[in-house]
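Trainee: Here is what each chain is made of, one letter per residue.
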Amino acid sequence: MPALSVFEGNFLSRLWNDKETRSLVVQVIATLAFFAFFAYIIRNAYVNLEALGKGFSYEFLFQTSAYDINQHLIEYSSKSTHFTAMLVGILNTLLVAVCGIALSTVVGFILGVLRLSKNWLTNRLAYIYIEFVRNVPVLLHILLVHGIIVNTLPIPRQAISVGDGAFLTNRGFFVPKPIYEPAFWGVIAVFVAGLAFFAWFRKYAKRVQDDTGAQYPVFWIGVGAIVGAPLLAFVAFGAPISWDVPSLQRFNFAGGMVVRPEFIALWLALSLYTAAFIGEIVRAGIQAVSRGQTEAAYALSISRGRTLTLVVIPQALRAIIPPLTSQYLNLAKNSSLAIAIGYMDIVATIGGISLNQTGREMECMLIVLLLYLLLSLAISATMNWYNRRIKLVER
Amino acid sequence: MAPVPYKVGEHPDLPPPVSVTGPLAWLRNNLFSSPTNIVMTLVSVWLLYELIPPMLDWMFFDAAFSGENRDACRAQAGGACWAFIAERFRLFTYGFYPAEERWRVNLAFVLLLAALVPVLYDRLPARKIGLYYSMAFPLIAGWLLLGGWGLAPVDTDQFGGFMLTLVIGVTGIAFSLPIGILLALGRQSSLPIIRLFCVGFIEFIRGVPLITLLFVASTMLNYFLPKGTVFDLLLRVLIMVTLFASAYMAEVIRGGLQAIPKGQVEAAEAIGMKYWQSMRLVVLPQALKISIPGIVNTFIGLYKDTTLVIIIGLLDPLGIGRSSLADTKWTGLHNEVYLFVAIFFFISCFSMSRYSLYLEKKLKTEHDH
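Protein sequence lines correspond, in order, to chains A and B.
Here our numbering is used: the first residue of the first sequence is 1, the next is one more, and so on.
Here our numbering is used: the first residue of the second sequence is 1, the next is one more, and so on.
Please keep in mind that the hints were generated in silico from the structure rather than gathered at the bench.
Bear in mind that the values here come from a model prediction, so they are computed numbers and not experimental data.
Quick reminder that beta carbons are idealized off the backbone N, C-alpha and C, glycines included.
Please note that the accuracy of each hint is not assured.
To be verified - Computed spacing ranges between beta-carbons, pair by pair:
1. B:Gly-255 - A:Ala-102: 22 to 32 Å
2. A:Gly-163 - B:Ala-86: 52 to 62 Å
3. A:Ile-110 - B:Leu-14: 42 to 52 Å
4. B:Lys-329 - A:Arg-250: 41 to 51 Å
5. B:Gly-272 - A:Ala-30: 25 to 35 Å
6. B:Ile-343 - A:Glu-20: 55 to 65 Å
7. A:Trp-385 - B:Pro-15: 58 to 68 Å
8. B:Leu-24 - A:Pro-178: 50 to 60 Å
9. B:Lys-262 - A:Ala-30: 17 to 27 Å
10. A:Gly-163 - B:Leu-225: 54 to 64 Å
Stated by the list, open to error - Here are some chain A residues the structure puts well away from chain B; computed CB gaps all over 12 Å:
11. Phe-62
12. Asp-68
13. Phe-83
14. Ala-102
15. Asn-135
16. Asn-151
17. Ala-166
18. Pro-178
19. Tyr-180
20. Gln-249
21. Leu-268
22. Ile-302
Make a model of the complete structure from these sequences and hints.
Mentor: Listed below in structure tokens is the structure:
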């Protein structure tokens with residue numbers, strides 16, 4: 001019978017010629033290959049580690065680390081454990097990533113707006129900056145900025161003084177350290193209350209406007225609540241803050257706070273590099289909003305500023321956020337280049353000195369990889385949440 | 001003088017007045033159209049005035065182009081000391097490749113340029129044969145650089161300088177595109193297990209920095225191989241860089257694949273094409289065309305990322321520069337080294353991005369609305 005011809009031939013070719021079974025076969029083979037591969041390398045690792053007498057354990061995390069870290073946001077000394085060293089590394093990575101994201105966003109948006117400027121000269125300057133910066137490797141930027149700080153800035157004795165309390169030297173930037181008196185917490189409380197009030201008031205004002213059309217001066221009330229009230233409280237409590245100003249001792253500064261050259265170099269280089277990419281993203285995003293939108297807004301006699309904030313920027317953000325997310329991720333991952341200039345981040349602490357001291361390559365690298373995966377996940381989750389919030393609500 | 005009589009409608013068109021078209025009008029429109037604009041122009045001019053003359057002085061007019069060491073340079077001029085770069089130029093180019101074998105590197109470079117021609121120019125006569133040559137190029141170059149079969153063998157730890165950058169960059173570019181295409185197709189596949197593996201691989205690689213993967217390659221890989229396996233460090237780096245770039249490539253291509261309407265695949269199936277036929281002949285040509293800017297950006301990213309190999313001890317130009325700075329003869333000349341390497345990367349990356357713009361324009365088949 002002709003209908004049976006599909007089932008002719010040998011068993012193997014039948015398996016291959018039926019779409020359903022073929023996909024099943026392919027997947028079974030892929031799964032088997034995957035597990036066989038992992039079984040093979042894990043067995044190799046087991047045998048090799050056994051031969052070296054190492055085994056796989058995380059006990060070393062609770063042994064004394066015996067090395068110093070020059071920038072630590074939490075209590076740390078060479079008597080602390082490897083685990084504490086890891087925490088210090090994580091905090092250092094987070095610090096430079098957060099600061100970098102903030103600065104690169106600001107500079108990037110400025111660059112993007114300058115790129116759209118009608119002024120030919122400004123426009124070209126921004127273009128040249130962007131092209132030159134983003135076509136040179138980020139590692140080179142980091143080394144260059146670090147080199148400039150360490151080699152060009154003066155030694156502490158001849159420090160460049162900024163204002164009367166901050167000093168730029170090749171050992172870092174020395175800035176006054178704030179000392180908070182107990183009453184300062186009152187100012188903080190007022191600030192938080194102001195924020196909460198503003199969040200509520202904005203919703204309330206929107207509801208009133210939707211119902212009656214009446215507009216409150218939301219912006220100025222916001223400024224009053226968030227900036228004005230804490231300032232008043234600050235004065236009322238009698239300025240409960242004092243500064244520990246650094247002073248020059250024999251060879252170096254004492255007192256105050258030091259921002260280390262490694263941090264500054266990494267922070268500036270990462271921010272300026274990423275800003276060049278963000279500038280192009282912002283430019284493309286704003287250009288993606290069709291000209292008709294602006295013209296329609298003008299035709300409704302909406303002011304220039306309100307057109308920008310109510311019509312252009314909300315639409316541009318939709319085109320800007322997804323690529324901006326990947327730039328933030330890149331910045332966070334590029335912060336691992338810290339190791340080139342000796343900034344003590346995750347890679348340099350647990351994946352560097354701890355690894356070399358304990359010889360536990362496998363355990364340390366697993367931690368480092370996992371931490372970066374978590375960091376990436378956290379950034380994408382936050383940005384996805386924000387993206388969903390501003391997304392166009394479609395029918 | 002009597003006015004020349006013109007009939008109505010026969011007066012010759014006069015050119016627009018100079019005040020609207022001339023250079024003065026251009027200046028007024030582009031630099032001085034409003035108070036803000038004037039301020040911005042002044043700020044820009046001031047910036048240029050502050051930056052350009054000192055930079056030109058440092059780079060050219062007050063620079064030393066010859067000299068035995070740093071002090072000799074400093075005695076001549078206060079600016080850059082290019083004598084340092086001149087003395088180390090061969091090191092920057094070839095790394096530690098044996099001097100008498102350097103013709104092989106030069107030949108490989110010429111062959112590389114020849115291999116690029118059929119890829120870049122589609123109007124070349126007999127382009128197809130040229131493309132086969134381009135595909136065979138990595139093998140030929142590998143043989144030339146590594147030696148064997150009649151050539152003196154050269155160890156990969158003697159590779160360095162710009163040559164190393166090119167080796168890593170070209171290998172990564174050549175292999176990451178096909179692997180990226182396969183990963184992207186896998187991620188879009190209807191087979192759940194295949195999709196799972198591809199998503200897992202792509203997201204893992206994109207979630208970690210390249211430097212950690214290079215560390216894994218340099219410190220841990222030996223544990224995962226049978227005891228006593230010798231695995232060349234450069235080869236490990238090449239594999240990691242390629243895998244890293246291919247994950248990013250896969251995401252770029254996935255964007256292109258998603259932009260192709262489902263009707264295209266369905267139409268291909270309707271005329272009896274198999275999966276691979278429909279992908280090769282219908283979907284991929286369109287998807288890759290859309291993804292060109294992203295693909296080239298990934299190439300540029302990969303090319304710049306080759307500098308990270310200095311952290312695990314390979315000597316690319318940046319690494320050569322850093323180790324040259326340790327020489328007491330030339331100590332302290334950081335800016336010269338970094339600027340020199342930066343210019344090299346700028347030229348290669350900027351030309352890649354320009355080429356991608358040109359290609360985008362050429363392949364654009366639709367008209368603007």
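Trainee: For a quick check of understanding: which of the numbered hints are violated here, in increasing order?
Mentor: Violated: hints 2, 4, 15 and 16.
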